[in-house]
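Residue numbering for the sequence shown follows my numbering, starting at 1 and increasing by one per position.
The set of hints was computed from the structure by calculation and includes no laboratory data. Wrong hints could be hidden among the right ones.
[Unchecked claim] Straight line, CA to CA, 30 Å or less: simulated DSS-like cross-link-like pairs of lysine-lysine:
id: 1; residue 1: K204; residue 2: K138
id: 2; residue 1: K199; residue 2: K152
id: 3; residue 1: K152; residue 2: K73
id: 4; residue 1: K95; residue 2: K84
[Stated by the list, open to error] Derived CB-CB ranges, DEER-like:
id: 5; residue 1: V243; residue 2: P217; range: 34 to 44 Å
id: 6; residue 1: E114; residue 2: A41; range: 17 to 27 Å
id: 7; residue 1: R220; residue 2: G185; range: 41 to 51 Å
id: 8; residue 1: Q153; residue 2: A94; range: 10 to 20 Å
id: 9; residue 1: T224; residue 2: A190; range: 11 to 21 Å
What you are looking at is a predicted structure, and each value in this text was computed from that prediction instead of being measured. We put the CB at the ideal spot given by N, CA and C, even for glycine.
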Amino acid sequence: MHVHSFPRSSSVSRRSVIKGVAAGALMASWGLSVQALAQPAMATAINRMGRFRALSQRIAKAYCQLHLSVQAKAAEQVLDAARKLARTGFEDLAKSPLAADMAGPLAEVRKLYEDLEAKLVMPPTRESVGAVAAQADKLLVAANAATVALEKQAKISTGNLVNTAGSQRYLSQRLAKSYFLSAAGLGDKAMRDQMAADKAEFTKNMAALAGAPVNTPTIRSELTMGEQQWVFFNASLEREPDVRGLQAVATSSENLLEVMNNLTVQYETVSK
């Protein structure tokens with residue numbers, strides 16, 4: 001994996017920060033690989049559909065980062081990679097053996113995503129950031145409903161684990177997005193309440209995943225890494241949104257996202 005392109009905050013422990021989240025590396029790890037073809041279609045569909053939840057929030061986060069001029073070059077790379085992942089995600093799901101069953105929900109998710117993309121052509125201003133964030137949340141709701149529906153249809157015992165691990169991806173990104181929106185003067189009590197709820201849900205999900213009987217040594221290692229990254233990310237969210245605080249959240253949210261994505265892929269892999 002490429003070395004992390006984000007500058008590290010002075011508060012970042014070298015032991016606690018994993019290697020990089022170059023946008024291209026994360027894009028490659030999120031892409032549909034040849035290995036995925038050998039995995040159960042349902043587990044793959046849950047992972048791929050669930051990924052749109054995280055992409056919606058990651059796009060809004062990066063767009064707001066650009067507005068705040070926080071690591072702008074890295075934010076542009078993240079935004080570009082997320083948009084490419086969304087497009088390939090639609091192609092992947094259209095080729096899925098479950099494509100016919102997902103036709104309605106997938107069409108809705110695609111329409112909401114296209115509406116989000118249309119808003120990204122606007123230069124990032126306070127108003128456009130608010131509009132992008134609102135559209136991203138609509139996409140999140142639709143993608144989550146579709147993912148939960150797939151999990152309920154799944155005949156595999158690990159479907160809930162793929163969904164839960166995948167949820168950690170979007171929770172990390174929504175928390176970072178909310179932090180940036182607050183820094184942009186777009187926060188309110190409802191957003192603060194949402195952040196508190198997201199933190200509680202993330203912690204609860206980690207505990208649930210840690211107790212899963214299917215956990216392999218690799219999964220346990222990813223869980224340990226995830227716990228370490230969560231400690232740093234959570235601490236970053238408590239910082240004042242000054243330059244160093246914003247950079248710490250930008251960096252730690254990407255680190256945590258990578259670990260949670262790796263974990264989701266591992267649960268997809270054991271769904272045999």
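Q | Hint numbers not upheld by this structure, sorted from lowest to highest | A | 3, 9
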